Amino acid sequence: MKGRLGRALVLALPWSWMALFFVVPFVIVLTIAFAEPSEGLPPYTPLWRWTEEGGPIIQLNLANFRLFLEDPFYLEAGLRSLRVAAVSATLCLLVGYPMALAIARAPERWRTLLLMLVILPFWTSFLLRITAWIGILQDQGWLNGALLALGVIQEPLQLLYTDIALYLGVTYCYLPFMVLPLYATLSKLDPALLEAAEDLGARPSRAFLQVTLPLSMPGVVAGFLLVFIPAVGEFVIPELLGGPDAQLVGRVLWMEFFQNRDWPLASALAVVLLLLLVAPIAIFQARAAREAA
Amino acid sequence: MRRAARLAVPLGIGFAFLYLPILLMVLFSFNDSRLVTTFTGFSTRWYVALWENEALMQAAGLSLRIAAVSATMATVLGVIAGFALARMGRFRGRTAFAGAMAAPLVMPEVITGLSLLLMFVAMEQAFGFPAGRGADTVAIAHATFGAAYVAVVVQARLADFDTSLEEAAMDLGARPWKVFFLITLPLTAPAIAAGWLLAFTLSLDDLVIASFVSGPGASTLPMVIFSAVRLGLTPDLYALATLLVGLVAVGLVIASWIAWPRRRG
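Protein chains in written order, with the numbering used here: chain A, 179 to 471; chain B, 1391 to 1655.
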């Protein structure tokens, strides 16, 4: 009995903190998504008010969600976000899988150092790493300069503010999130399985496709989701590297909030973004829970 | 030989991709020219310019303060949560608790930022607290997602933790709180320190959440950098990046030295 009370007391602090600053805020976003914008502060109307007879009236404003269905701008932003996130996660997988495999097969004393080298950029300013890509990709940038000097191209290529820049930026920033879970699964693979495949006459390529790859699928899925989920809502990268038409959900939400001061519309966008991500987040959480158990 | 090449090629490509942009920034931070792409000569003038940029220095000071406060709050919350998840078995509401602790890890920042701002506004309307927004609200927001990261690190450390020392202490008659403070806590200290550093760095690096929950007069370093980048690239940004890379490299070496002590013998 005493143990139970003690536990409740220990849990009370983080529980109430997370409830207050993480769970309750979502409920508020959900309610304000159904409010109407207004002048004044805060710039939205309350959902319920008291009539003169003393009863409450609840007004749900569905205009925001109707807008998403009717105005193709929002639908396109949603689809574009999903596409950019999927393409970038795939690129991360293509670069990250060989890296993770190489680290997992490197001599043991090298592994910690190699992993640390993967993580190190993640610890330095995200914004300034994006800034580096502006320097690389802009018209008078390093890449165009190098290509011109080599005579590969005669005129500078438009690279910055294109989808290519967007994919590169997302891939660059989220690569560590792909390599770490992949390494975690690949380093646990039993080398005896590969030896058995080889003894049975499988070539390295076949052993990879039939043994290593299938067994590393949990890492592939975890890494893909860890890149995909935050990339769908990404704001900074499309804002700094993408063109004016690179309107992803996160960027549209930012614009509605900071430029148009339409808090209810921004909230409705947050609800839609969350709905887009419910399935991937649920899969991610279920896998994480299974692994912890 | 072929095996070494198979290892080196993907790592070479991957690390070139990760580090070339950073190396270019470091190189061009010492460029004499205003142009950010042609190297004309060695100079440290951009570091001087950085030092004399008052708005930036002020923002850096504010960001460091917020990061220290929020990382400390995040560590307290995250350590308790990590212990609860690793040690308390299947308590009631465990799944919901684990979900609430892990969700900030994957939640898009625009959602976290917007929802926290609306929460602060609603609280101010209802209780008059927090009055207005600024450094305090940013610190609370950062503590919330920092706690999630600390909890993961601490939980992972406790998962492969030898409990025989704790059992021995209990057998010798130590009370649970004494066992906790004399044995469990010191043995998890490296993970806790690593968690604090992680929360500190994430706070220092956050633009989106801070932009939502901050108020007038409380511009953090990323907010100042962001508005500068939008106006155009200048070499002093490269100087700043170089300083941050250096700082982080030193910090990470120290952190890994604490977290993974060299095995003796």
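Worth double-checking, as some hints may not be accurate.
Only some residues are given here: those of chain B computed to face chain A with a beta carbon under 10 angstroms [to be verified]:
hint, residue
1, 1410
2, 1438
3, 1439
4, 1441
5, 1445
6, 1448
7, 1478
8, 1504
9, 1541
10, 1616
11, 1641
12, 1644
Stretch-level coverage of chain B by chain A, calculated; a stretch enters the list once three of its residues show a Cβ under 8 angstroms from a Cβ in chain A [claimed, not checked]:
hint, region
13, 1451 to 1461
14, 1465 to 1476
15, 1520 to 1530
16, 1567 to 1580
Note that these hints are calculated values from the structure, not bench results.
All of these numbers come straight from a predicted model, not from anything done at the bench.
Ideal placement from N, C-alpha and C gives every residue a C-beta, glycine not left out.
Okay, the hints, checked on the actual structure:
1. The interface hint given for residue 1410 of chain B holds, since its Cβ lies 8 angstroms from the closest Cβ of chain A, which is under the 10 angstroms cut-off.
2. Checking residue 1438 of chain B against chain A: minimum C-beta separation of about 19 angstroms lies over 10 angstroms; hint violated.
3. This hint is violated: residue 1439 of chain B has a C-beta 16 angstroms from the nearest C-beta of chain A, more than the 10 angstroms allowed.
4. Interface restraint check for residue 1441 of chain B: the shortest CB-CB distance to chain A comes to about 17 angstroms, outside 10 angstroms, so the restraint is violated.
5. Interface restraint check: residue 1445 of chain B against chain A, minimum CB-CB distance 16 angstroms, threshold 10 angstroms, status violated.
6. A cut of 10 angstroms between beta carbons decides the hint on residue 1448 of chain B: the least distance to chain A is about 17 angstroms, and the hint is violated.
7. At about 6 angstroms, the closest approach between the beta carbon of residue 1478 of chain B and any beta carbon in chain A falls short of 10 angstroms, and the interface hint on this residue holds.
8. The closest approach between the C-beta of residue 1504 of chain B and any C-beta of chain A is roughly 5 angstroms, which is under the 10 angstroms cut-off, so the hint is satisfied.
9. Interface restraint check: residue 1541 of chain B against chain A, minimum CB-CB distance 8 angstroms, threshold 10 angstroms, status holds.
10. For residue 1616 of chain B, the interface hint holds, since its Cβ comes within 10 angstroms of a Cβ in chain A; the closest pair sits about 6 angstroms apart.
11. The beta carbon of residue 1641 of chain B is positioned within 10 angstroms of a beta carbon in chain A (closest approach about 8 angstroms), and the interface hint is therefore held.
12. At about 12 angstroms, the closest approach between the beta carbon of residue 1644 of chain B and any beta carbon in chain A exceeds 10 angstroms, and the interface hint on this residue is violated.
13. Taking a C-beta to C-beta cut-off of 8 angstroms, the region 1451 to 1461 of chain B contributes 0 residues in contact with chain A, too few for the three needed, and the coverage statement is violated.
14. Check on the region 1465 to 1476 of chain B: 8 of its residues sit with their Cβ under 8 angstroms from a Cβ of chain A, so the three-residue criterion for coverage holds.
15. A count of 1 residues in the region 1520 to 1530 of chain B with a Cβ less than 8 angstroms from any Cβ of chain A is obtained; the coverage claim is therefore unmet, three being the minimum.
16. A count of 0 residues in the region 1567 to 1580 of chain B with a Cβ less than 8 angstroms from any Cβ of chain A is obtained; the coverage claim is therefore unmet, three being the minimum.
Violated hints for the displayed structure, listed by number in ascending order: 2, 3, 4, 5, 6, 12, 13, 15, 16.
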